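Protein chains in written order, with my numbering: chain A, 226 to 398; chain B, -15 to 190.
These are calculated hints, taken from the structure and not from any lab test. A quick note: this is a predicted structure, and the numbers were derived from the prediction, not measured. Even for Gly, the Cβ is constructed at its ideal location relative to N, Cα and C. Treat the hints loosely; a few may be bogus.
Claimed, not checked - Beta-carbon label-pair distances, calculated as ranges:
hint: 1; chain 1: A; residue 1: 297; chain 2: B; residue 2: 82; range: 32 to 38 angstroms
hint: 2; chain 1: B; residue 1: 5; chain 2: A; residue 2: 238; range: 39 to 45 angstroms
hint: 3; chain 1: A; residue 1: 277; chain 2: B; residue 2: 42; range: 17 to 23 angstroms
hint: 4; chain 1: B; residue 1: -7; chain 2: A; residue 2: 245; range: 36 to 42 angstroms
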Amino acid sequence: MNSFAEWLSTTLPSVFIQTHEAWMIPVIQSLHITGIGIAVGSALMITLRLLGWVGTDQTLPDTQRRFGPWLSGALYLLLASGALLIVAEPVRELVTFSFWLKMSCVLAMVVIFAAFQASVRKHGVSWEQTLARRPGVRLAAMLTFVLWGCIIILGRLIAYDHIWGHLSPATKA
Amino acid sequence: MDFPAFLKSLEDSGIARGVRSSLYYFPFLESVHVMALAVLFGTILVVDLRALGLASKQRPFTRMSAELLRFTWGAFIVSALTGSVMFMTNARVYAHNTSFQVKMVLLAIAGLNMAAFHLTAGRSAASWDRAPAAPRAGRITAATSIALWIAVIFAGRVIGFTTTGAQAKEAPTTTVNFDDFLSGGSAPDASAPAAAGSAPAAADHP
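With the rest of the complex left out, here is chain B:
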């Protein structure tokens, strides 16, 4: 199966149809996605600031990261699941959305950055566990991590603004510019863009 057909099959799946058929599922998925990313970003920030030596300097790094990593990974799984289901509801539009693509690249870089931390400062963590800050490599990756996750949040938010009212066409050229969106999307009556005939899931104001 080629990629466009795969995306189409995601949109035709039972889950995607179910979410599109309801007024409530998509906002609920978005809300759970925000809750998960709040826990994800919040816990990452706590650990990164510790590694940078900007906060919690007197606490052992390994203990903090071990305790919080459970919450970070739990939140990551929840955001990945909710994000995947949202993606499925309008897969062809999201797959060709620049902000979505940027966000996925940023997530991949964040993963590599995390690996870089573990291979450098993470490996020697026992030696600086009670030091105020991580060695240089650890501080660089920690600062990079904070910047990347903030960028992920920004890119994610822009997806909603650039896909509102967009409906997948067989030719994957669908883009909705800001003018299209702003003409209908800013009113409290968020159902207006749905008139375009697209799925309610993708039609709402971001």
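If we strip away everything but chain A, and leave its shape as in the complex, we get:
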């Protein structure tokens, strides 16, 4: 990974961003944070509706139809801006413990929401009378808040990867 990151940092797109990094990196990072706001906001609306705490004037499938596309749209924005940040600073991003743990959490989040979306499509409005009442499902819904928190913390910790000590590949380099 180290040699891949170092190779990536010599490629043309990477060199281009590096030569303009004074403004490009803050701009890309800000886009990334805006994407986090849209993703967290959409996921919050869906999850709070699932729990019956907010937006009960709308059915769960309607809520999913309203916010699901915003959530996936934000995910694409996050993937695109995140990929640019990797291209810009491959070693800083990829040679960290935080980044890979964050990606594991992101993958788990994507699987959870994809499974939820497929299930809501299959069961429709009956979802609320059945699955949404199960304690396990409600607990899983609440745990997604924790998972979002982990993703955000780990994203920030990419800049502080040395706090992981020997777990951080950067400290070995």
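Given the coordinates of chain A, work out where chain B should sit on it, guided by the hints.
Same frame as chain A, but now just chain B:
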């Protein structure tokens, strides 16, 4: 007490010293700040898009805004608290940082914009509650609100890039330019700028 002395006293406070003494507190504060701003911006966007008539058109506006405002204000309080503590750790540097000043002005304008919404479309909300969009004044303030909050995010992010490694001096002229920052800040070893002797809190890569 004059303003520079006040800033210095913030830096000398127990909270600021405690945060500076730890490797973990500052990144943790930043992370909670990002979580709070995600909820803040996310919920504001939902309500503003409703007022603009771009989403959730069929839902009553007053109910949506009342339900979500709790989360918006809760998140605002958390971001204000975490932001204040981060400010205290290096108060003189932040106070003289252009991005920080721009961000505070933008926040003030966002507050005034919110007041403008409440005094215009907000006052008549019952009459357009189920209409697809707010009256013109409401749509203008809603669009302004989205633009302002995105600008707040950008200004906030730039603060980290323009204060990294900066250490307050008694004369409030400290500025660190991008070249200073980029020479040390881009490496994964983010502790490098701390060699300047400044607080670890302010020394990390943004």
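Quick one: are residue -7 of chain B and residue 245 of chain A within 36 to 42 angstroms, going by C-beta?
-> Because 40 angstroms falls inside the window, the suggested range holds.
Range hint compliance [Cβ, residue 5 of chain B to residue 238 of chain A, 39 to 45 angstroms] | Since residue 5 of chain B and residue 238 of chain A have Cβ atoms about 41 angstroms apart, the given range 39 to 45 angstroms holds.
Given the range 32 to 38 angstroms, decide if the beta-carbon distance of residue 297 of chain A to residue 82 of chain B lies inside it.
-> 37 angstroms, holds
Supplied distance hint 17 to 23 angstroms, evaluated on CB atoms of residue 277 of chain A and residue 42 of chain B = 20 angstroms, holds
The structure shown violates none of the earlier numbered hints.
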